[in-house]
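One-letter residues, chain by chain:
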Amino acid sequence: MTLQAAQGGAVSAAPPSRIPDRRRVLTMRRRTWIASALFLLPAVAYIVLFFGAPIVKNLTMGFQDYTTATFYNGEAPWVGFQNYVDMFESPVFSIALSNTFVFTIASIAGQFVIGLAFAVFFRRRFPLAGPIRALMLLPWLLPLIVTGAIWKWLLDKDSGAINRILEALHLTSTGIPWLDSPSLALLSVILVNIWIGIPFNLTIFYSGLQSIPDELYEAASLDGATGWKAFRHITWPMLRPVTNVVLVLGVVYTLKVLDIILGLTNGGPANATQTLATLSYNLSFTQFEFGQGAAVSNVLILISLLFAAVYLRLSRRSEAAE
Amino acid sequence: MSARRRGISTALAILILIVLLFPVYWMVNTSLQPNGATVTAQWFPFDPSFHGYEVALAEQAGNILTSVLVASGSVVLTLFVAAPAAYAIAQALPRRSGPLMLVVLVTQMIPGIVVANALYVWYSDLGLLNTIPGLILADSTAGIPFAIIILQAFMAGLPVGVLEAARMDGAGQLRVFLSIAVPMSRNALITSGLFAFLFSWSDFLFALTLTTSPDVRPVTLGIYSYLGAYVNDWSPVMATSVLASLPAVVLLLVAQKYIAAGTTAGAVK
Numbered sequence: 001m002t003l004q005a006a007q008g009g010a011v012s013a014a015p016p017s018r019i020p021d022r023r024r025v026l027t028m029r030r031r032t033w034i035a036s037a038l039f040l041l042p043a044v045a046y047i048v049l050f051f052g053a054p055i056v057k058n059l060t061m062g063f064q065d066y067t068t069a070t071f072y073n074g075e076a077p078w079v080g081f082q083n084y085v086d087m088f089e090s091p092v093f094s095i096a097l098s099n100t101f102v103f104t105i106a107s108i109a110g111q112f113v114i115g116l117a118f119a120v121f122f123r124r125r126f127p128l129a130g131p132i133r134a135l136m137l138l139p140w141l142l143p144l145i146v147t148g149a150i151w152k153w154l155l156d157k158d159s160g161a162i163n164r165i166l167e168a169l170h171l172t173s174t175g176i177p178w179l180d181s182p183s184l185a186l187l188s189v190i191l192v193n194i195w196i197g198i199p200f201n202l203t204i205f206y207s208g209l210q211s212i213p214d215e216l217y218e219a220a221s222l223d224g225a226t227g228w229k230a231f232r233h234i235t236w237p238m239l240r241p242v243t244n245v246v247l248v249l250g251v252v253y254t255l256k257v258l259d260i261i262l263g264l265t266n267g268g269p270a271n272a273t274q275t276l277a278t279l280s281y282n283l284s285f286t287q288f289e290f291g292q293g294a295a296v297s298n299v300l301i302l303i304s305l306l307f308a309a310v311y312l313r314l315s316r317r318s319e320a321a322e
Numbered sequence: 001m002s003a004r005r006r007g008i009s010t011a012l013a014i015l016i017l018i019v020l021l022f023p024v025y026w027m028v029n030t031s032l033q034p035n036g037a038t039v040t041a042q043w044f045p046f047d048p049s050f051h052g053y054e055v056a057l058a059e060q061a062g063n064i065l066t067s068v069l070v071a072s073g074s075v076v077l078t079l080f081v082a083a084p085a086a087y088a089i090a091q092a093l094p095r096r097s098g099p100l101m102l103v104v105l106v107t108q109m110i111p112g113i114v115v116a117n118a119l120y121v122w123y124s125d126l127g128l129l130n131t132i133p134g135l136i137l138a139d140s141t142a143g144i145p146f147a148i149i150i151l152q153a154f155m156a157g158l159p160v161g162v163l164e165a166a167r168m169d170g171a172g173q174l175r176v177f178l179s180i181a182v183p184m185s186r187n188a189l190i191t192s193g194l195f196a197f198l199f200s201w202s203d204f205l206f207a208l209t210l211t212t213s214p215d216v217r218p219v220t221l222g223i224y225s226y227l228g229a230y231v232n233d234w235s236p237v238m239a240t241s242v243l244a245s246l247p248a249v250v251l252l253l254v255a256q257k258y259i260a261a262g263t264t265a266g267a268v269k
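Chains as they are written, first to last, in my numbering: chain A, 1 to 322; chain B, 1 to 269.
Read the hints as simulated data drawn from the structure, not as lab findings. Computed from a prediction, not measured in an experiment: that's the story for all the values here. Any given hint might turn out to be false.
Stated by the list, open to error - Example chain A residues on the side facing chain B (calculated, C-beta under 7 Å, incomplete):
hint	residue
1	PHE39
2	LEU59
3	ALA109
4	VAL113
5	LYS157
6	GLY263
7	SER280
Where a beta carbon is used, it is the ideal one built from N, C-alpha and C, also for glycine.
Please put together the full structure from these sequences, using the hints given.
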């Protein structure tokens, strides 16, 4: 619809030759401006409706008693900070907060180190490096709930492949309760999340490494700097802008993770893998306490925005450096 | 590097690949196990059975169709919304592209559960719960910002001279966009479209929160409902997982260069 409007405007204003040049340029500029606005309209409308408005809605719901009843009688009484008081007093919230912290830090550390190591390894030129690197993307492209299903089966206590391999290697004789034990479940979920993130980190670091000129390494090797020394004095400092971006984006994306946890453990056992994202989901969609779910998700928004701000500062600084 | 060291590198890379892709192999292997044999699954499917796929197709064919419709709809919506916006930002407002693109980047950081909380409330008022259009709109939250980023980066690189010449000849903005910018951005459009499909196909959160009946149920939710109960026969679950992984595999094999481009463009640009 908007596109047709743009076209109509443009066609009717086809350049009449008698208008003086300056006016012609002006009308053309204005027409360009109107056309751009119309081109932007669908995206602006979508972003306002599907990103802006939901944030506002969560903020207001956080101050309301928004429950199943609301859907029948339309009443959502204002309760001030009651949802937040309840949230901070509930023991599950502090568990979820610390789980979110551990899950995010450990996942990112694992993905980062392994992804970077693989990227450095693939920088060596050897036969089949390209196709192998491409195939390694697969874990990242699979739907997350599929990954959850695969790993739930792999980590099954009685007949999962991981325990069967460990038993075959005589590393354990009894099945390890990867997902059933409150002390192991978070670790298992983290390991799975690292598995998912390795390809992404590998790809980003690999493309970052491509921009480091070979001459640097050649010059350094003349000075005797190879291997670890070359990594520390060339690769690491040259990759700095990429590592910043990877880390901040990693945090923001990991905070959101929900599919894998719901697929693997549903936040259990005994809230051992409950994070802010799963807690918000559970409050809203299994207990139908939308006000409380919104309060938790507002904490999540706050943390994400904090890291978004860090990201913006870093990217502005690297732009300034260029 | 000597030939021998290169050989060792390749061997090591293959070893890494095998370890890394073992879970994927195990999914395929389990999906081919005969009825009731998954607990003692063989390490190789020496005696492949399609029992898992028969069950999976009987139970999930409708859900797969729903996923195809939703994902295809998302591609159309994503390109319709993102391409003109990216063109306007790249070509007409290059000086304002910084702040505009920041807004787009920030939308990518908003947790899906935030959007789901609000959409559920509105959808239930508007009657959009359990509908394919409702899912298409919600699932495009992943594709649209991503597509704007990719397309804007690409369209900023279009030769200004060609576009300017067309404008001087009296072509309207829409004509320039449709008959010059769009064909020249073919690769970027394909990349965005493929990712929009993949994002929407893989969506689980909106499928979980915005559908309440089995009538409209994407395959991701079908898999999740298997996982809800105790699983005693994993071959249909893994067969469904294989079917749900097909788009990713096909894209990786057929459109590998686009996938690699999308992966790096999304983060580095």
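Exercise. Return the status of the interface hint for LYS157(A): holds when the least beta-carbon distance to chain B is below 7 Å, violated otherwise.
Key: For LYS157(A), the interface hint is violated, since the closest Cβ of chain B sits about 12 Å away, which is over 7 Å.
Exercise. Using 7 Å as the Cβ threshold, decide whether VAL113(A) counts as touching chain B.
Key: violated, 14 Å
Self-check item: Interface hint outcome for SER280(A) [beta carbon to chain B under 7 Å]
Solution: Since chain B brings a Cβ to about 5 Å from SER280(A), closer than 7 Å, the hint holds.
Quiz prompt | Interface hint status, PHE39(A) versus chain B (Cβ within 7 Å) | solution = holds, 4 Å
Quiz item: Minimum Cβ distance from LEU59(A) to chain B below 7 Å?
Solution: Hint on LEU59(A): violated, closest Cβ of chain B at ~10 Å, above 7 Å.
Quiz item: Taking the least C-beta to C-beta distance, is GLY263(A) closer than 7 Å to chain B?
Solution: holds, 6 Å
Quiz item: Should the hint that ALA109(A) touches chain B count as held when the rule is a Cβ pair under 7 Å?
Solution: violated, 18 Å
In the structure shown, a violation is registered for the earlier hints numbered 2, 3, 4, 5, in ascending order.
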